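Under our numbering, the residue at position 30 of the sequence shown is numbered 1057, and the numbers go up by one with no gaps.
Honestly, I wouldn't trust all of these hints.
To be verified - Here are the computed lysine-lysine pairs in the DSSO-like style, where the Cα-Cα straight-line distance is at most 30 Å:
no., residue 1, residue 2
1, Lys1131, Lys1047
2, Lys1047, Lys1074
3, Lys1131, Lys1074
To be verified - Label pairs and their calculated CB-CB ranges:
no., residue 1, residue 2, range
4, Arg1133, Gly1078, 16 to 22 Å
5, Asn1068, Gly1113, 32 to 38 Å
6, Ile1037, Pro1114, 20 to 26 Å
7, Ile1037, Leu1104, 18 to 24 Å
8, Thr1103, Asp1135, 15 to 21 Å
9, Arg1102, Val1128, 21 to 27 Å
Calculated directly from the structure, the hints in this document are not laboratory data. Predicted model, so just to flag it, every value in this text is computed and none were measured. Positions of the beta carbon are idealized from the N, C-alpha and C atoms, including for glycine.
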Amino acid sequence: MAFLAQAPRIPADRYVITVKLDQPGFAGFEPFAATPARTPNLRATLKTRRGIVAPLETEFTGTGASASVHFYFPRTLDGAPLLGLGPDAAEFSMHGAGFAVYSKFRLDPEFLH
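All chains, please: the whole structure from these sequences, using the hints.
If you want it as structure tokens, here you go:
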């Protein structure tokens, strides 16, 4: 899976983490396939020095190999910035039916808009 897709919208009060299916894998495996009648059961968290937060909302876009899921996390936690003003790090995790994704990454405040 790759973290390289543009979110359909970028609200000023949220950080967006997008997970895009890079290769569909085995036949019938469509972890982000959302329809009006069915939404995948995905659980995501973002862990920072300030704590662990769940997304405020989740949005699904695309279909098949172009499917993506966008997690919208708050920019603040208890009134303080979720991510530091200097270089910082975070851990993203996502769990679905039969799979999990974990990613640790460093953040440069210059790129957090």
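Going down the list of hints, with the structure as the test:
no.: 1; hint: Lys1131 <-> Lys1047; verdict: holds (17 Å)
no.: 2; hint: Lys1047 <-> Lys1074; verdict: holds (20 Å)
no.: 3; hint: Lys1131 <-> Lys1074; verdict: holds (9 Å)
no.: 4; hint: Arg1133 <-> Gly1078: 16 to 22 Å; verdict: holds (18 Å)
no.: 5; hint: Asn1068 <-> Gly1113: 32 to 38 Å; verdict: holds (36 Å)
no.: 6; hint: Ile1037 <-> Pro1114: 20 to 26 Å; verdict: holds (22 Å)
no.: 7; hint: Ile1037 <-> Leu1104: 18 to 24 Å; verdict: holds (19 Å)
no.: 8; hint: Thr1103 <-> Asp1135: 15 to 21 Å; verdict: holds (19 Å)
no.: 9; hint: Arg1102 <-> Val1128: 21 to 27 Å; verdict: holds (22 Å)
When each numbered hint is compared with the structure, no violation occurs for any of them.
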